[in-house]
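So you can see what is in the structure, the chains are spelled out below.
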Amino acid sequence: MLRKLLTTAAVVGLLSVPAFAAELLNVSYDPTRELYVEFNKAFAAKWKADKGEELTFKQSHGGSGKQARAVIDGIEADVVTLALAYDIDAIADKGILAADWQKKLADNSAPYTSTIVFLVRKGNPKGIKDWDDLIKDGVQVITPNPKTSGGARWNYLAAWHYARQKEGSDEKAAEFVKKLLANVPVLDTGARGSTVTFVERGLGDVLLAWENEAYLSLAELGDKFEIVTPSISILAEPTVAVVDRVVDRKGSREVATAYLNYLYSPEGQEVAAKHFYRPRDEKVAEKYKDKFAKVELFTIDDAFGGWRKAQKEHFDDGGTFDKVYAR
Amino acid sequence: MTAFAPGRILKREKSVIPGFGITFGLTVTWLGLIVLIPLAGLFIKTFELSLDEFLAILTSSRVLNALKISFGISFLAAVTNAVLGSIVVWVLVRYDFPGRRIFDAIVDIPFALPTAVAGIALTTLYAENGWIGQFLAPLGIKVSYTPLGIYVALVFIGLPFIVRTVQPVLEDLDGELEEAASSLGAARWQVIFKVIVPAVLPALLTGFALAFARAVGEYGSVIFIAGNLPNVSEILPLLIVIRLEEFRYADATAIAVIMLLISFVLLFAINQLQRWTDTRVGR
Amino acid sequence: MGHVMTSVSATILEAEFAAQASVIPRPVRTEPAPVRWALITIALSFLSLFIVLPLISVFQQAFSRGWEVYVAALVEPDAWHAIQLTLTASAISLVLNVAFGLVAAWSIAKFEFRGKGFLLTLIDLPFSVSPVVVGLVFVLLFGAQGFFGYWFIDNGYKIIFALPGIVLATVFVTFPFVARELIPLMQEQGTAEEEAAITLGASGWQTFLKVTLPNIKWALLYGVLLCNARAMGEFGAVSVVSGHIRGETNTMPLHVEILYNEYQFAAAFAVASLLALLALVTLILKSILEYRLAEDHKR
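Chain order of the listed sequences is A, B and C.
If you count the first sequence from 1, position 117 lands on 1123 in the numbering used here, and the numbers rise without skipping.
If you count the second sequence from 1, position 210 lands on 282 in the numbering used here, and the numbers rise without skipping.
If you count the third sequence from 1, position 49 lands on 1137 in the numbering used here, and the numbers rise without skipping.
One chain only, chain A, in its complex shape:
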C-alpha cells in the first residue's frame, strides 16, 4: 500500500516537472489580466522570430500593494507591472530593484495610462454625473481598499483633488472624501474584487473603476451598465520595471528588458489600446481616440507632488485615509 502510494507520488511528481524553457514571470495588478494574455502571445512570437527561443510566460495578478508584498517576500518576478509608482518604490526600498528604476524607461516607466471613471447601472437611476453625486445620501459607492489596491489610491486622490479644487482647501477635501467613504458598503482588496461586487453581486449604485476595467465590464457583460466620465479625473500611470535582483540571478535581464520595451512599440501600444489602456504612442492614440472619452486629466506630480509624498500623506499609517476612515 505504502509502496504504491510512494510510486504514485513519484510519478505524479515527475510529470509535473516542467521541461526547461526560458520563462518570464510578470507580477501584475488586477485589471491587466486580459491585456497581458494577449501581449505575452505577441511578445513570445516576436522573441521567437528574433532570437529563435521559445518563451513561456507566467502571470500573477492581485491588488497592486499585495503583489508588491509578494515580490518583497521573494516571489521570483522578472518584471513587475503594477498600478502605480509607489508600489515599485516600496520594492526598490528593499534593494530588490534600482532606486532610479523610474528613469530607465520612457514616460516615467508608464507605457500606457488610464484614468478613473464611474460605472453605473443601466439608465443611471441615481443620476450620477460627477464627483459631487457620490457623496449624496442614499448613493452607494463601490471602491477597493486604498491600503491594498492601487486603483483605489487613484480613486481616492482623484476625489480629493476634485474637492480641493472646488472647495479650496485640504480640510474640505478631507470632509468630502470622508462623506464619500461613508457611502462605501464594501472595501475589497483589489480592483477586480470590487468589479465583481458591483457587477456580479449587484451591490452599489456606482463603481469607481479603472477606465479599462469599466470598458471591459461593458464588453463582457453587455448592456446592463453605463460609463459616466466625470468632469475632471486623474491621469493614472501604471508603471513597469525590471526586477534587478531576480533577473541578475536568473540571467534573464535581456529578455525582461526587451519585454518591457516591447510595451512601448507600436504593436505593444496597439494591444494596450485594444484593452482600453490609453496609449502613449501618438499614432496609436490617434487611431483609437474615439475609444476614450475626453476628460480633463491632472497628474499625481502636479496635484500631489509625486507618489512618495502622496503615499506618506494619505495612505501610510496615520495618513488621511486612516483619519477619515476611522469609524
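Quick caveat, the hints were computed from the structure, so don't treat them as lab data.
On a predicted model such as this, the values are computed, not experimentally measured, just so you know.
Glycine included, C-beta positions come from ideal geometry on N, C-alpha and C.
Treat the hints with care, since some could be wrong.
Claimed, not checked - Cβ-to-Cβ under 7 Å is the rule here; a few derived chain B residues that face chain A:
{"#": "1", "residue": "L121"}
{"#": "2", "residue": "E200"}
{"#": "3", "residue": "G299"}
{"#": "4", "residue": "F319"}
Said to hold, decoys possible - Using 35 Å as the maximum straight-line C-alpha spacing, the simulated DSBU-like pairs for lysine-lysine come out as follows:
{"#": "5", "chain 1": "C", "residue 1": "K1246", "chain 2": "A", "residue 2": "K1054"}
{"#": "6", "chain 1": "B", "residue 1": "K214", "chain 2": "A", "residue 2": "K1185"}
{"#": "7", "chain 1": "A", "residue 1": "K1256", "chain 2": "C", "residue 2": "K1246"}
{"#": "8", "chain 1": "A", "residue 1": "K1132", "chain 2": "A", "residue 2": "K1300"}
Place chains B and C on chain A using the hints.
Same frame as chain A, now just chains B and C:
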C-alpha cells in the same frame, strides 16, 4: 522540547517491542519541524513589538470589531448547530424514514467539500438573484455580503462536528434506563430532560467546542460570502491577510498570536470535555 | 476529531436492528407521531437547505453553459496545471503524513510513557489553528524578509511561492489526520500480537509489516482518505503562501477563486464541481471503510 528527551523524565515500562527510541524521536522531531518551530517563530516575531505596541494593535477598533464579529458569529453558529444538530442526530438515530442512510452520509459533506467551493456555492445561493436569496430579498433579508452570510457559512462548516460527536453517544445510550424511567411514571419530556440530555451533554459540549474552534479559524468559505466590510463583516483571519497585504507584518503577527492563544485554550477545553465524555459513557 | 466520524457503520447496523424492532410496539421509547414527523421535517429541511442545495448548485452552475464550456474549463492549460499541482501537493503531503502517522502511532500506542497526553495534544494542535495563521507562519519563516532572508532563494531553493511552501502548508493543516485515526485503534488492539511475534523471533520490521499493518490497514486508508480530502481542498493556508502564479503555483481551489474573479462563473464552478465530486467519492469510500473499521474495532 528537551523535556521530551526519552529517558529523562519519561519513564516507560519495559517492553519487548522494539523501536520506541527511533519512532518517538522521529515523532517529536517531525512535530517540532512542521508544527512547533514554525509556531514558535510566530511568537518570536511578536517579541519585536513592545507590549504597548502589541496592545495598541489589539485594541484598535478594527481589530476589536473583527474579534467581536469572529467570536460572536462563530458562537451563534455553534449554538445553532448544537440545537439543529441535536435534532438531526435524534432523527437519524431514533427514527426510521426513507433516505435515512443517505441523509446520514451527507452530514459529512462540509468535512469533505473544499471551503472555497462551499463559499462560492453559498454565495450564489443566497445572493439576491440566487435560489434561496430570491425568496429572502422581498422580506428584506440579505444574506450574501452581510454578517448573516458569515453565519450561514459557519453553520454549514460546523454541522458535522456536532452530529458526529453526539451520534455515537446517543446510539450507545442504554434504552433500559429510559424504559425504567418511563415505567416509573416519568412523562416523555421528563425522560428526555432528566435521562437523555444529561447523558449526551458532555458530547454535545465537545461538539460545540469543536464547531466553535473550527468556525473562528475558518477563512475560505467566509471571504466569498461576507462582503468583507471593515468593522461590519470582516473576520479575524481576513484581517490578518489584509494586514499582510498592506505589508504590516507586526499587525498580522499580533493578531495571529492572539488567535493562536485562543486556539490553545479551545483545544485544552476540548480535551477536557472529551475526557469528561469518555468517563461519562464509561469508555 | 477523526474519530468523530466513525459511526456511520454503527448506524447502518442500528438501522437493520430498528427495522426488525419496529414490529414490536415500544411506546415508552418514542414520541407521538406528530412530534416525530415535525422533528424529521425540521432535520431534513435543515440538511437540504444547508448542505444538499449548495452541492446541487455547484453542479447546476457548472453545467449552466453546457458541456462544451464545462470541458473547455477543465482542459484549459492553467486549469489542467492546477489539477496536476493539487494532485502532486496532496500526494506528497499524504506520503509524509502516512509516514508520520505510522511512526507516531507506533511510539504512542505500543509504549507507555509519561507526557503522552501532552504529546497527543500537540499532535492535535493543527486542528485548531486557523489556516491563515499557518500560511503567515511560513511566510515569516521562509519569506525573503523572514528569518532566513534570501538564503534559500540565493541558493536556488524556492520555498514559498512554490511547491515546497504549498506542501508545507498542506502538511501542517492535515498533520493529525492519519495519526489520530491510527492511535486509538492501535491502542485498543494492544500489544499482545506484536509481543508474540517478537518472542517467536520476528524482527521489529517484520512484526510491523506482518502483524500490525494488516490489523490497521482500514484505519490507515480511512486516515488517508480524510487527509486527502482536506489536502486537496485547502484554501486559506495555501492562498497565503502560493503567490497565485497561473500555471505554476495555483492549486484547484485557488484556480476556482481566480476564475470566479474573472467573470468566468461557469468555468469556476466547473473546476469546483471536480472538487465537489472528490467530496462525494470521499463520502462513499468513507462509508465503505467505516464498515470495515467497525470489524477491526470488534477484534
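Against the structure, the hints come out as follows:
no.	hint	result
1	L121	violated (14 Å)
2	E200	holds (6 Å)
3	G299	holds (5 Å)
4	F319	holds (5 Å)
5	K1246/C to K1054/A	holds (28 Å)
6	K214/B to K1185/A	holds (24 Å)
7	K1256/A to K1246/C	holds (13 Å)
8	K1132/A to K1300/A	holds (23 Å)
Taken one by one, the earlier hints fail for this structure only at number 1.
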